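Listed below, chain by chain, are the residues.
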Amino acid sequence: NAGVMQNPRHLVRRRGQEARLRCSPMKGHSHVYWYRQLPEEGLKFMVYLQKENIIDESGMPKERFSAEFPKEGPSILRIQQVVRGDSAAYFCASSPGQETPQYFGPGTRLTVL
Amino acid sequence: AQSVTQLDSHVSVSEGTPVLLRCNYSSSYSPSLFWYVQHPNKGLQLLLKYTSAATLVKGINGFEAEFKKSETSFHLTKPSAHMSDAAEYFCVVSAANTNAGKSTFGDGTTLTVKP
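Heads up: the sequence lines are chains A and B, in that order.
Residue numbers for the first sequence, in the numbering used here: 1 to 113.
Residue numbers for the second sequence, in the numbering used here: 1001 to 1115.
Next comes chain A alone, as it looks inside the complex (with noise of 0.2 Å):
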């Protein structure tokens, strides 16, 4: 069973261009969310997902932040207009419900040039 997937691992981006990041959860996982960790920060929630829902979006930034998990394919985050404070690893996690382990994926770090 392939672990939770996250494409691409490295994206560089110049200020004003789009990021799309990808995460394809574990097998059997319908439940995912975006984390979002800052240089020398710890892991912040950005939002969490179920097929075709977002649960839960309070940790997304107010502007040019979007996610979406599609009925088929991976989930998608999507920042608009790239800054440089927009510079981080995001990584994304899986589960099968809510209150079990999140397993998480190797990470997107994003550079914002």
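Everything labelled a hint here was simulated from the structure, so no lab data went into it.
Check each hint, because a few of them may be wrong.
In silico EDC-like cross-links for lysine to aspartate or glutamate, where the CA-CA straight-line distance does not exceed 16 Å [as the list claims (entries may be wrong)]:
#1 A:Lys44 / B:Asp1107
#2 B:Lys1042 / A:Glu40
#3 B:Lys1042 / B:Asp1085
#4 B:Lys1042 / B:Glu1088
#5 A:Lys51 / A:Glu72
#6 A:Lys44 / A:Asp86
Source: prediction; values computed, not measured.
Knowing the structure of chain A, use the given hints to seat chain B on it.
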């Protein structure tokens, strides 16, 4: 509401000596608690979890943690540190009855192991 406090941002031990990484939590509901480890430039790996069963939880690589409700603590221990244990460790709380099921991470403890 829930929160996690990792009491030490850095811990340094000598190889072969015990490890203690401290974590206190607060939660309005019965919590599930986890410890994750993150090696440099790697993803997160689950070390162990507490989900209202036995209060002493054994994890991988010789780590264990004890859930103490009276002290709202979930400290991570290992009897003898190994060089490969050097990493960042995160204590995580996830409470039942939350609509989100989201986890709250501590700020992390960097463990250094000296030869």
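Taking the hints in turn, this is what the structure says about them:
Pair hint lysine 44 (chain A) plus aspartate 1107 (chain B) holds up; C-alpha atoms about 9 Å apart against a cutoff of 16 Å. With a C-alpha separation of about 15 Å, the suggested pairing of lysine 1042 (chain B) with glutamate 40 (chain A) holds against the 16 Å cut-off. Only pairs whose Cα atoms come within 16 Å are accepted, and lysine 1042 (chain B) paired with aspartate 1085 (chain B) is accepted, the gap being roughly 14 Å. With a C-alpha separation of about 10 Å, the suggested pairing of lysine 1042 (chain B) with glutamate 1088 (chain B) holds against the 16 Å cut-off.
At roughly 9 Å between alpha-carbon atoms, lysine 51 (chain A) and glutamate 72 (chain A) fall within 16 Å of each other, so this suggested pair holds. Annotation: proposed proximity of lysine 44 (chain A) to aspartate 86 (chain A) holds, straight-line Cα distance about 13 Å (limit 16 Å).
Hint compliance for this structure: every hint is met.
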